[in-house]
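Take 15 as the starting number for the sequence shown in our numbering and just add one per residue.
These aren't lab readings, by the way, just hints derived from the structure by calculation. This one's a predicted model, so the numbers in the text were calculated from it and none came from an experiment. Cβ atoms here follow ideal geometry from the backbone N, Cα and C, with glycine treated the same way. Don't take each hint at face value.
[To be verified] Here are the in silico distance ranges between beta carbons for each label pair:
| # | residue 1 | residue 2 | range |
| --- | --- | --- | --- |
| 1 | D176 | A204 | 19 to 29 Å |
| 2 | A162 | V275 | 34 to 44 Å |
| 3 | A153 | R28 | 57 to 67 Å |
| 4 | E42 | I329 | 31 to 41 Å |
| 5 | S193 | E306 | 30 to 40 Å |
| 6 | A153 | R220 | 18 to 28 Å |
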Amino acid sequence: MVEKNSVLDELNDRSREVFRRVVEGYLESGEPVGSRTLTRMMNEKVSAATVRNVMQDLEYMGLLDSPHVSAGRVPTQSGLRMFVDGLLEVGDLGTEDRQKIDATVGNGGDVGAMLDRIGSALSFATRGASLVLAPKHEAAIKHIEFVALGQDRALVVLVFGDGHVENRIFTPPPGQTPSSMREAANFLNAALEGRTLSDLKGVVARDIDARKQQIDGLAQALVESGLAVWQDEGAHEERLIVRGRANLLEGEQEDLDRIRVLFDDLERKRDIAEFLELTDEGEGVRIFIGSENKLFSLSGSSLVVSPYMNADRKIIGAVGVIGPTRLNYGRIVPIVDYTAQLVGRMISDRG
Numbered sequence: 015m016v017e018k019n020s021v022l023d024e025l026n027d028r029s030r031e032v033f034r035r036v037v038e039g040y041l042e043s044g045e046p047v048g049s050r051t052l053t054r055m056m057n058e059k060v061s062a063a064t065v066r067n068v069m070q071d072l073e074y075m076g077l078l079d080s081p082h083v084s085a086g087r088v089p090t091q092s093g094l095r096m097f098v099d100g101l102l103e104v105g106d107l108g109t110e111d112r113q114k115i116d117a118t119v120g121n122g123g124d125v126g127a128m129l130d131r132i133g134s135a136l137s138f139a140t141r142g143a144s145l146v147l148a149p150k151h152e153a154a155i156k157h158i159e160f161v162a163l164g165q166d167r168a169l170v171v172l173v174f175g176d177g178h179v180e181n182r183i184f185t186p187p188p189g190q191t192p193s194s195m196r197e198a199a200n201f202l203n204a205a206l207e208g209r210t211l212s213d214l215k216g217v218v219a220r221d222i223d224a225r226k227q228q229i230d231g232l233a234q235a236l237v238e239s240g241l242a243v244w245q246d247e248g249a250h251e252e253r254l255i256v257r258g259r260a261n262l263l264e265g266e267q268e269d270l271d272r273i274r275v276l277f278d279d280l281e282r283k284r285d286i287a288e289f290l291e292l293t294d295e296g297e298g299v300r301i302f303i304g305s306e307n308k309l310f311s312l313s314g315s316s317l318v319v320s321p322y323m324n325a326d327r328k329i330i331g332a333v334g335v336i337g338p339t340r341l342n343y344g345r346i347v348p349i350v351d352y353t354a355q356l357v358g359r360m361i362s363d364r365g
């Protein structure tokens with residue numbers, strides 16, 4: 015960071031203006047910016063030849079690149095990073111964008127439904143793909159019940175002390191009967207009431223060993239089968255909500271291969287601890303450009319992400335926008351920042 019800022023400090027006013035206008039032009043249009051275009055935009059009257067010389071110097075410094083022999087210049091990843099760190103002007107959140115985000119939280123429903131609506135609104139407002147990492151539900155369990163759905167399908171109903179209800183479908187061990195399901199549920203209710211799902215594994219394992227004579231084999235197998243499902247929560251329940259993938263397909267043809275790679279990443283990553291780690295340096299919006307983004311580096315995408323916190327100021331999730339490197343950072347940063355703060359407040363109020 016210091017090195018990049020020192021490079022920016024070394025630029026004279028003309029070089030800084032040329033660099034800024036190339037980046038801003040590229041972010042707006044996605045096209046290389048040429049010297050003739052810049053000549054008309056410059057604050058001082060300079061020739062196209064002078065502007066070309068400045069652009070060549072900036073290219074030599076690794077800040078600009080020329081994608082084609084006769085074309086203008088585009089910023090490199092290093093150039094974009096320097097622009098974001100030193101020259102980006104972050105605008106205020108627009109009234110229309112604020113209203114779109116606010117409207118998503120007033121329709122009731124559980125936290126998952128609220129986060130889904132927020133993800134859709136965030137995608138619509140930014141024209142990118144939105145990512146919302148939902149918090150794990152850590153309230154104490156109040157009641158557990160098993161319901162048979164067929165020979166090879168069963169439903170477990172988890173009722174939490176805060177009123178939250180989760181229904182999960184899984185494949186039970188063969189031979190289950192209504193009585194074995196009741197016995198398994200009674201066993202779990204006696205063992206787990208007042209405890210969270212995170213406490214589940216160790217408590218149940220100890221209780222099964224201690225009470226093997228009090229629970230028959232079918233019920234014991236059902237308890238252990240359900241335990242495996244709950245502990246592998248990430249494989250059965252998406253904590254990462256992704257909305258607006260179609261927005262990423264509006265780019266140039268040469269970007270489509272990278273977008274396909276990104277789609278593959280998004281499909282594979284469900285319960286993403288790494289996504290939250292991107293925000294581990296504290297609260298506030300962070301911008302990851304291209305390969306700086308370790309989750310989606312192969313697609314060359316940029317990620318604008320911010321954590322959200324609960325009432326105890328503990329980071330419990332994150333919201334973000336992912337798209338091409340030419341995102342409108344100045345507009346997206348305040349949208350992501352506001353959304354993260356709003357989600358944190360809503361979850362704290364519901365808690």
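Right, here's what the structure says about each hint:
At roughly 21 Å, the beta carbons of D176 and A204 sit within the given window of 19 to 29 Å. At about 42 Å, the beta-carbon gap between A162 and V275 stays in the expected band of 34 to 44 Å. At roughly 60 Å, the beta-carbon separation of A153 and R28 lies within the given 57 to 67 Å, and the hint holds. In this structure the hint that E42 and I329 lie 31 to 41 Å apart at CB holds, the actual value being about 34 Å.
The supplied range of 30 to 40 Å is broken by S193 and E306, whose beta-carbon atoms lie about 58 Å from each other. Between A153 and R220, the C-beta spacing of about 22 Å keeps the proposed range 18 to 28 Å intact.
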